[in-house]
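If you read the sequences in order, they're chains A and B.
If you count the first sequence from 1, position 381 lands on 381 in this note's numbering, and the numbers rise without skipping.
If you count the second sequence from 1, position 35 lands on 35 in this note's numbering, and the numbers rise without skipping.
What the hints contain is simulated information worked out from the structure, not anything from laboratory work.
Even glycine gets a Cβ: it sits at the ideal position worked out from N, Cα and C.
Mixed in with the good hints, there may be bad ones.
These stretches of chain B come out as covered by chain A in the derived footprint (C-beta under 8 Å, 3 or more residues) [stated by the list, open to error]:
1. 14-24
2. 29-35
3. 41-51
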Amino acid sequence: MTLDRTATIIFVALFLFVTWLGFVAARWRKADLNLLHEWGLGGRRFGTMVTWFLLGGDLYTAYTFIAVPALVFGKGAMGFFAVPYTILIYPLLYMVFPRLWAIAHQRGHVTAADYVRDRFGSRMLALAFALTGIVATMPYIALQLVGMEVVIGALGFPAEGFVGHLPLIIAFIILAAFTYTSGLRAPALIAIVKDTLIFVTVFAAVVIIPAKLGGYGAIFASVPKEKLLLVPPSGESLGAYSSYATLALGSALALFLYPHAMTGILSASSGSVIRRNAALLAVYSFILGLIALLGYMAIAAGVDTDPAYAAGFARYGPNFAVPALFLASFPSWFVGIAFAAIAIGALVPAAIMSIACANLFTRNLYKEFIRPDCSDADEARMAKIVSLVVKIGAVVFILAIPQAYAIQLQLLGGIWIIQLLPPILLGLYTRSFNARALLIGWAAGTAVGTYMAATQGFVSSLYPLEIFGVTLPGYAALYSVVINFLLAAALSPPLDLMARRRAASTAP
Amino acid sequence: MTREKTRNWLRYWPRLLFIIPFIAMLWVPSYNRIEPVLGGIPFFYWYQLGWILLGAAIVLLVHMIETRITQVTESSRKGLEVTDVPGDIL
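Put together the whole structure using the sequences plus the hints.
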């Protein structure tokens with residue numbers, strides 16, 4: 001591939017613009033950035049609009065824009081589970097998180113681990129939360145780089161060796177620098193630009209591309225029949241039906257447990273802001289649904305058989321479907337805008353994720369176990385440094401380790417993060433659960449979920465569960481969190497009783 | 001005290017509406033078909049895309065009903081929401 005000059009110039013120009021914006025953000029709603037809640041939560045002052053952009057930029061990542069259509073392109077209807085998934089998110093967001101926000105606001109929590117530490121009085125449970133959050137988020141950051149790498153490669157940059165990695169490394173140095181200086185204010189401000197570019201790109205894509213391909217009828221007609229629908233159950237297995245439903249439900253339950261989602265929620269200025277966003281975020285879901293259809297447009301356009309893109313597909317696999325479709329359908333200048341949208345779409349979540357990891361490390365590991373007496377300024381400084389370390393880690397991760405591992409780890413991350421659901425959910429309404437029981441539930445859920453993924457060779461998170469002779473292939477995260485919850489509920493009364501007896505026997 | 005608690009729980013009745021999108025989306029066989037096609041798009045796809053809008057409408061409806069109720073009985077809100085600064089837009 002040769003370098004597309006027009007597209008590259010526009011791409012670089014937009015990138016420079018958001019870099020400038022990232023640094024300027026430090027002065028937006030000026031406050032003392034040497035306080036963790038100012039640097040890491042934007043002072044909890046984001047209103048409905050900013051929260052909307054921030055959560056949208058946070059949850060609908062570059063990886064989503066590349067991977068969801070790639071899944072639809074490769075696997076057909078099954079990849080569309082992202083749509084019911086986003087539909088189920090909003091009732092959950094509406095019901096659970098305003099309450100969590102209120103508690104966190106009143107008690108000064110910055111992370112989910114802070115919250116369980118306070119609710120259940122257990123340092124160990126908080127430690128489990130912090131570790132799970134960090135471990136589940138790291139590969140997610142690395143995958144944002146994959147999205148960026150694909151579009152940089154599609155622009156025609158040489159992809160081999162150190163020179164090939166250079167654009168990515170430069171982009172991440174910029175990202176690290178403005179996150180360090182501006183904290184959460186930077187991605188919040190950049191998210192506004194990013195989403196504007198994404199909206200423009202997607203609307204252009206769903207209007208222009210079908211017009212070129214002869215309408216939606218022609219697009220769907222060119223998709224192989226077996227891809228268009230889920231395979232109906234046969235024999236003793238519910239097959240694709242239970243997979244589809246559990247993937248949607250499990251992913252929806254897991255999403256807001258991710259540290260970066262939690263950071264986005266806690267930075268809102270009130271519970272009502274979150275409630276309003278539960279309805280308003282549907283705009284992004286609709287965009288995501290349209291983006292998923294790009295996978296079929298790529299099939300209809302026949303980009304995978306076009307020799308011009310053979311090298312790209314050989315290198316990036318189905319992830320190259322959307323970049324190839326854009327290259328084939330748009331003039332160069334618009335390709336620049338579209339690719340910039342995807343690359344900037346990687347910056348925003350990567351920044352928020354690294355901030356969330358930094359918050360977790362500083363609050364729940366450093367301050368809790370290493371230096372309990374550190375000052376507020378020390379705490380904020382530590383978080384800034386950790387946010388740098390996390391990003392360097394992600395770059396090393398993606399350059400040194402085969403991409404397949406990052407994807408497998410991200411898949412495991414979903415299984416691990418959902419194990420935080422019982423303590424968070426139960427903590428909102430009752431303190432009557434025993435912290436040890438919750439910890440045992442967490443450990444068992446994590447172990448069982450990991451085992452289920454291991455039986456699939458870590459390539460699929462769908463586990464064929466057998467109940468009464470019927471096979472229910474489904475999302476391992478959902479199955480394992482049920483075990484987690486049942487164990488926590490069953491063990492709470494006996495462990496409480498034991499604790500009370502011990503207290504009684506040691507009392508004088 | 002218990003009576004007050006019951007009233008608080010009753011205040012949440014609109015949230016029962018949230019069961020609808022869950023049933024609709026998790027009942028996969030109800031929409032795993034091609035016909036009827038709409039503007040060239042098979043049912044499976046336009047139905048789920050349509051549900052994004054319906055789901056948002058349900059959330060909005062619940063929000064509206066709940067704000068009405070809380071405006072009437074502001075006292076019932078205390079204790080449920082510790083602070084509720086009206087969200088400034090931007």
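The hints, checked one at a time:
no.	hint	result
1	14-24	holds (count 4)
2	29-35	holds (count 4)
3	41-51	holds (count 7)
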